[in-house]
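2 protein chains.
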Amino acid sequence: MIVYEMPKESDTALPDLMEPISRKPRLRDVAAAAGVSVATASRVFSNSPNVSPAAVGAVLAASERLNYRLDPIARALRTQVTGTVGMLVPDISNPFFAELIEAVARVLERANLDLLLADSRGSLEREARWLVTLGERKVDGLLVVPSHHHQSLEPLRRASAAVPVVQLDRQVDDLPADFVGVDNIAGLRMVLDHLLDQGVRRVAMISGVFTTSTGRGRLAAFRTMLEQRPALEAGEPLLGDFSVAFGRSAARALVAGGQLPEAAVCGSDIIALGVMAELRTLGLHVPRDVLVTGFDGIPMTELTDPPLTTVRQPFAGIAAEAARLLQLRIGGDDGPPQRSEIVPELVARASSHRESP
Amino acid sequence: MIVYEMPKESDTALPDLMEPISRKPRLRDVAAAAGVSVATASRVFSNSPNVSPAAVGAVLAASERLNYRLDPIARALRTQVTGTVGMLVPDISNPFFAELIEAVARVLERANLDLLLADSRGSLEREARWLVTLGERKVDGLLVVPSHHHQSLEPLRRASAAVPVVQLDRQVDDLPADFVGVDNIAGLRMVLDHLLDQGVRRVAMISGVFTTSTGRGRLAAFRTMLEQRPALEAGEPLLGDFSVAFGRSAARALVAGGQLPEAAVCGSDIIALGVMAELRTLGLHVPRDVLVTGFDGIPMTELTDPPLTTVRQPFAGIAAEAARLLQLRIGGDDGPPQRSEIVPELVARASSHRESP
DNA sequence: ACGGTTCGTGTAACCGATTCCACAAAACCG
DNA sequence: CGGTTTTGTGGAATCGGTTACACGAACCGT
Numbered sequence: 001m002i003v004y005e006m007p008k009e010s011d012t013a014l015p016d017l018m019e020p021i022s023r024k025p026r027l028r029d030v031a032a033a034a035g036v037s038v039a040t041a042s043r044v045f046s047n048s049p050n051v052s053p054a055a056v057g058a059v060l061a062a063s064e065r066l067n068y069r070l071d072p073i074a075r076a077l078r079t080q081v082t083g084t085v086g087m088l089v090p091d092i093s094n095p096f097f098a099e100l101i102e103a104v105a106r107v108l109e110r111a112n113l114d115l116l117l118a119d120s121r122g123s124l125e126r127e128a129r130w131l132v133t134l135g136e137r138k139v140d141g142l143l144v145v146p147s148h149h150h151q152s153l154e155p156l157r158r159a160s161a162a163v164p165v166v167q168l169d170r171q172v173d174d175l176p177a178d179f180v181g182v183d184n185i186a187g188l189r190m191v192l193d194h195l196l197d198q199g200v201r202r203v204a205m206i207s208g209v210f211t212t213s214t215g216r217g218r219l220a221a222f223r224t225m226l227e228q229r230p231a232l233e234a235g236e237p238l239l240g241d242f243s244v245a246f247g248r249s250a251a252r253a254l255v256a257g258g259q260l261p262e263a264a265v266c267g268s269d270i271i272a273l274g275v276m277a278e279l280r281t282l283g284l285h286v287p288r289d290v291l292v293t294g295f296d297g298i299p300m301t302e303l304t305d306p307p308l309t310t311v312r313q314p315f316a317g318i319a320a321e322a323a324r325l326l327q328l329r330i331g332g333d334d335g336p337p338q339r340s341e342i343v344p345e346l347v348a349r350a351s352s353h354r355e356s357p
Numbered sequence: 001m002i003v004y005e006m007p008k009e010s011d012t013a014l015p016d017l018m019e020p021i022s023r024k025p026r027l028r029d030v031a032a033a034a035g036v037s038v039a040t041a042s043r044v045f046s047n048s049p050n051v052s053p054a055a056v057g058a059v060l061a062a063s064e065r066l067n068y069r070l071d072p073i074a075r076a077l078r079t080q081v082t083g084t085v086g087m088l089v090p091d092i093s094n095p096f097f098a099e100l101i102e103a104v105a106r107v108l109e110r111a112n113l114d115l116l117l118a119d120s121r122g123s124l125e126r127e128a129r130w131l132v133t134l135g136e137r138k139v140d141g142l143l144v145v146p147s148h149h150h151q152s153l154e155p156l157r158r159a160s161a162a163v164p165v166v167q168l169d170r171q172v173d174d175l176p177a178d179f180v181g182v183d184n185i186a187g188l189r190m191v192l193d194h195l196l197d198q199g200v201r202r203v204a205m206i207s208g209v210f211t212t213s214t215g216r217g218r219l220a221a222f223r224t225m226l227e228q229r230p231a232l233e234a235g236e237p238l239l240g241d242f243s244v245a246f247g248r249s250a251a252r253a254l255v256a257g258g259q260l261p262e263a264a265v266c267g268s269d270i271i272a273l274g275v276m277a278e279l280r281t282l283g284l285h286v287p288r289d290v291l292v293t294g295f296d297g298i299p300m301t302e303l304t305d306p307p308l309t310t311v312r313q314p315f316a317g318i319a320a321e322a323a324r325l326l327q328l329r330i331g332g333d334d335g336p337p338q339r340s341e342i343v344p345e346l347v348a349r350a351s352s353h354r355e356s357p
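The listed protein sequences correspond, in order, to chains P and U. Following the numbering used here, the numbering of the first sequence begins with 1 at its first residue and continues without gaps. Following the numbering used here, the numbering of the second sequence begins with 1 at its first residue and continues without gaps.
No wet-lab data here; the hints were simulated from the structure. A virtual CB, placed ideally from N, CA and C, is assigned to each residue, including glycine. Heads up, some of the hints might be wrong.
Which bits of chain P does chain U cover? Going by a derived footprint, with three or more residues having C-beta under 8 Å, they are [claimed, not checked]:
(1) 193–205
(2) 338–348
Derived DEER-like restraints, expressed as beta-carbon distance ranges [stated by the list, open to error]:
(3) Glu341(P) to Glu355(U): 23 to 33 Å
(4) Ala245(P) to Glu345(U): 15 to 25 Å
(5) Arg69(U) to Leu153(P): 14 to 24 Å
(6) Val255(U) to His353(P): 37 to 47 Å
(7) Arg354(U) to Glu125(P): 47 to 57 Å
(8) Phe45(P) to Gly257(U): 56 to 66 Å
(9) Gly257(U) to Phe210(P): 46 to 56 Å
(10) Ala316(P) to His150(U): 28 to 38 Å
(11) Thr224(P) to Gly57(U): 51 to 61 Å
(12) His353(U) to Leu196(P): 32 to 42 Å
(13) Pro336(P) to Gly57(U): 42 to 52 Å
(14) Leu153(P) to Gln338(U): 22 to 32 Å
(15) Ala54(P) to Ile342(U): 52 to 62 Å
(16) Arg223(U) to Ala316(P): 37 to 47 Å
Go ahead and model the full structure; you've got the sequences and the hints to work with.
Right, here's the structure in full:
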């Protein structure tokens, strides 16, 4: 009778057999396979100097063979660097912010940073909550479009104590943090000069109200530029929020107000879209009855009828500058806050062209 | 002569003095302040049972006093749960995806999950890279809108080995993963029936090509529904990608092709927007000369002239269902893949209404 | 040939939590 | 009231890397 004797190693062989299936490899496995210590293996991946070519080769080969990936969480715990930046916007689905997010995503990708996105949906309370969540670790830096030019101050101040913050598009008064946005003065100068070229006299400003820095800034810019152009006159501006709905109601107000201005200067494309849509339902024609201009340069503006004259923000440039500043801060720079206002570009389209008589 | 003798403790006192300023508190500090062990303190925060009310109180009080926050990275390392889900889309700035992202952000926020956003910009290679990055730790689950109905298979398969994956809007053939999207058949049925109501006979389909499941699905749905409605006839569909530019060129092709169809059925709103804009520049009028319908229900559709008839996707419902499935999977469920096609809703507007003669 | 650098490496502490295990005190039970 | 279960707690290992420090070998100039 033959007794088949199990090989003695079987006890230890079993786990060996299971292993390939179960756990994903850790650095120590790679180190073992390469015949070096974990320290050396680690050095290879954090490409520190002073590792022999031989070791590098062995470790790389082993990690290839085992299909090894460094665990970003473990690394983050030790180094306190996550490779992630948070971005907080008031409304993701607003095409302007969508455009901004896309531009930011591009530059972050190039810098090998991940993007943690949060939407405050215009609520200060939600914004504050997100700032706490994002601020307390987990991101290396924060790109924020503040909801309110003043009430966002405290939450942002606290967040910026924990992590570098760069403000995008809108800024908060007295917050010592970098800011990147558009040059509103330049933008409105272009619009008004363009309208002057069209022979316009009476204009109306339709824009966002005082709660955001862009609302304030564009209104102030409008007034300043208006003063410098005596040929132009304007009634009281119509102020609301940066929404299609407000644009519509502003258009109704304009029409109800009796004498129509020759041109409606809108503080954003979204507003202008609302204005144009409502004017149409009221039986008025753009540009025959009134000219309309927007601000921001969202892609939709070239698809309306008529195509909308607008001030195009250089999204890519803004995003690049914001990312540059943020990386500087992450790198430890703590000079005084930078404010960078990028000059936009006028895109004149049919909505502001007087038709030949 | 008096020699001032430094107190002996000075060596140790120095660090003590610095401490309050510098480091943020860790769990062990809270535990010490509360007079319990870190183990107990930890139990308080991971609200495990079997902690005495006294201990809970002490720990909470101490953590309040020290303004303590748990470090999510450390917790993630230990528990292998990050509280983050990744979302990968082909184009953030496309309003359809922006809308989808916004809806997803809403439901994730309710579930206390963070959103790590990535944009493949239509590139399969970039998509594959992101899937690796996102898949290898760092997120608990993945919501993906695949770029290609087939070529996205391998990268997605690999990613879904590492982490639960739910497909959104588009799906990949033979990928064993959940899917949530719109019911294309229902959508096109509504469109065609609506057009029939308008007395339309000859229609043209303008849609995305075979590379995406939505392109394939909508074309197939169109053909099926067409067969079932002998009253309708259609030429060869015009296929391209889901872009404004393609919509424009399709419109030109339509016009150049001689006899115009009575209605252009577009596979997406974006395409329809392009079609309408180009028809206008060609001097044709919608809906007088040709009816146009879109698909998706992006907000822009009610701002065009004329407002665009479309098939509105229930973004909130889709996002909610996707999040529900993903959380199930994260919770460990591994039943067979679910496919959930949500029925959309027709929004009939002026672009598809024959004007009274 | 010899002290001083430089180089490459390994050992072990550490990042900040969670959780297994052991153990004492308290509660329960007949 | 002794024995068993339950409850609350702490010590210590662990998650998976990075890095300060120590140390021997190779290299340097004189």
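Results of checking the hints against the structure:
| no. | hint | verdict |
| --- | --- | --- |
| 1 | 193–205 | violated (count 0) |
| 2 | 338–348 | violated (count 0) |
| 3 | Glu341(P) to Glu355(U): 23 to 33 Å | violated (48 Å) |
| 4 | Ala245(P) to Glu345(U): 15 to 25 Å | holds (21 Å) |
| 5 | Arg69(U) to Leu153(P): 14 to 24 Å | holds (21 Å) |
| 6 | Val255(U) to His353(P): 37 to 47 Å | violated (25 Å) |
| 7 | Arg354(U) to Glu125(P): 47 to 57 Å | holds (49 Å) |
| 8 | Phe45(P) to Gly257(U): 56 to 66 Å | holds (59 Å) |
| 9 | Gly257(U) to Phe210(P): 46 to 56 Å | holds (54 Å) |
| 10 | Ala316(P) to His150(U): 28 to 38 Å | holds (32 Å) |
| 11 | Thr224(P) to Gly57(U): 51 to 61 Å | holds (59 Å) |
| 12 | His353(U) to Leu196(P): 32 to 42 Å | holds (41 Å) |
| 13 | Pro336(P) to Gly57(U): 42 to 52 Å | holds (45 Å) |
| 14 | Leu153(P) to Gln338(U): 22 to 32 Å | violated (46 Å) |
| 15 | Ala54(P) to Ile342(U): 52 to 62 Å | holds (58 Å) |
| 16 | Arg223(U) to Ala316(P): 37 to 47 Å | holds (41 Å) |
The structure does not agree with the numbered hints 1, 2, 3, 6, 14 stated previously, though it agrees with the rest.
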